[in-house]
Amino acid sequence: MDFFITIIEQGLIYGILALGVYITYKILDFPDLTTDGSFPLGAAVTAALISRGVNPYMTLPIAFAAGALAGVCTGLIHVKGRVRDLLSGIIMMTALWTINLRIAGTSNVPLFSKETIFKNSFLEKLLPEAVQPYGTLIVIVILAAVTKLILDFYMKSKSGFLLRAVGDNEKLVTALARDQGNVKILGLAIANGLVALSGCIFCQEERVFEISMGTGAVVIGLASVIIGTSLFRNMTFMKATTAVVIGSVLYKACTAVAMRNFEPQDMKLITAALFLIVLLISMERRKKVKIDA
Amino acid sequence: MKTKTTAKVLGAALLTMALAGITTVYAEDQYTIGIEQFAEHGSLDNCREGFLEGLKEEGIEEGKNLTVDYKNAAADMGTCGQISDKFASDKVDLMVGIATPSAQSLYNAALEKEIPVIYTAVTDPVTAELADKDGNPVGEITGTSDKLPVKQQLEMIRQILPEAESIGIMYTTSEANSESAVKEYEALAEDYDFKIETAGITTTADIPLAAQTLMEKVDCMTNLTDNTVVSSLPTILEMANEAGIPVFGSEIEQVKLGCLAAEGLDYVELGRQTGKMAAQVLKGEKKASEFPFETIEEAAFYVNTAAAENLGIEIPEEMTDSAAEVFEEIAEAK
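Protein chains in written order, with the working numbering: chain E, 1045 to 1337; chain P, 176 to 509.
Hints are computed from structural coordinates only; laboratory data are not their basis. Note that the structure is predicted; figures quoted are calculated from it, not measured.
Here are the simulated distance ranges between beta carbons:
(1) 242(P) with 1203(E): 50 to 60 Å
(2) 205(P) with 1157(E): 29 to 39 Å
(3) 1046(E) with 500(P): 38 to 48 Å
(4) 1197(E) with 314(P): 40 to 50 Å
(5) 1166(E) with 507(P): 52 to 62 Å
(6) 1166(E) with 239(P): 47 to 57 Å
(7) 1280(E) with 239(P): 58 to 68 Å
(8) 388(P) with 1196(E): 50 to 60 Å
(9) 473(P) with 1157(E): 25 to 35 Å
(10) 500(P) with 1166(E): 56 to 66 Å
(11) 462(P) with 1175(E): 25 to 35 Å
(12) 1197(E) with 462(P): 46 to 56 Å
(13) 224(P) with 1200(E): 57 to 67 Å
List time: in silico SDA-like cross-link candidates among lysine to any residue, alpha-carbon distance up to 20 Å:
(14) 358(P) with 302(P)
(15) 266(P) with 1046(E)
(16) 392(P) with 339(P)
(17) 266(P) with 1304(E)
(18) 358(P) with 341(P)
(19) 1312(E) with 249(P)
Idealized CB from N, CA, C, for every residue including glycine.
Just chain E, with the same shape it has in the complex (with noise of 0.2 Å):
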């Protein structure tokens, strides 16, 4: 049972970074490496506000207008500065290593006797007792869909549906008397809000800041993404959001049955072999319905 809770937990917190790339890599078309900078940052604003006694539910928002601001940086040299899209995304991501840095104070910051999001003297009034061992899990889901359905609202308004547009025509969008630059930037600060605010819910369940945490945070991202969307394709009543959040609690779900069954030295190996595995499959069902059609 624990086993299964674990997997939803870090699967969820991991959902919203996949929501962030899904933006990025999916709508924007844009390969962007800032994440592996600000999941971390995230996670580093949340450690210095928390052990300076901000409360942490404050974390949230702010986590997330510092990620925005990191996605704002990679947009301003890629659109004004002309960098290439994956060269903004390295630059970034180099340089938030310091800021990060720069925020914790340290490389290492524990939050063990601090409070949290998940442990707080007014979760444990508001909680009866019986429930008291899945408050972890109940705040997750609730940040989660709360996340989730923001995000599927914005994408229905008028700046969510330019911010589709760009990634497929970029073209309608100047048509539309729009400059599409500036929608590409809207749309990294929100991914990066999204991947910041995730690095802000780990850090708090993990109790603990630590510089390298962001290393590989864009692989899990892509993968999530890539499982979702490709196992999903064919469910039309499915969001594409519930699919990405979805992929990445699979995702999960595949590393700790890599992690149970095997030697710890083969489990990027095995990972690799169930992504692909996924990936697979899913194509095949593709294959098939074109022979249908």
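Following the hints, put chain P in place on chain E, whose structure we already have.
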């Protein structure tokens, strides 16, 4: 007839289950522990080896009355969390964290489960919030620290190099252990008339350039237990030899590989000490919260005479005489 067979089968099944239940009850002295090591690393491997030896000396032996679930987090925080949660949900008798991030992650997972945690190779348990200001455990968690004997090291460098003015230290900015060690060096260096020059790196790829820059400025270098730097030690030593700059180590393995000398740690010994603490907790003689964290009792002096010869440095005889181990050749890196 059919029902009878079914009943028989069911009965047999029940009996087996009951018996199985009994065997688990009787095998009271069976222990299961989960070991989480943060990264693949020589010193940390030595720690683990020593730990199991320490347990064995107390009569708890792997394969006999001990089951060990060993996991390596491959230096990834996310994996750390997953391993810790796995151990906690398996309800192991004791969790062992090797290196700071693993210890913190295990402690986080253990908070609600009431599983004791023993750690080792944590340089500063107080800053890591695993112990309070007086060194007492913050919960069911204790262990050993691999804090470097900085004072003895500086004393030794002064003795071997009476003329040296500055010491260079290369460290990874992401490693909290190294950061606190550098601070300690900077605080104590003045007492021995040394100036400390540091070079911070983020990955292995930065090492050649950082080493080059550092070596132009300093008279000698000293190593910490920095994971990234230590794993590139052969590269650094080669460059140092060309520049004629002595490099001091921080533990036995580094001296074996060609560092000039070290007032250092023996990680196998550190692990053994930790293993003995764990044995007390497992046997129920003491609770983890009842003993403060320990550091290794005494630093040992290691010297490599082949390295000294290469550099044309004479090690005072009284020093080699008091050495815990003298290496006469430079070992190949594993």
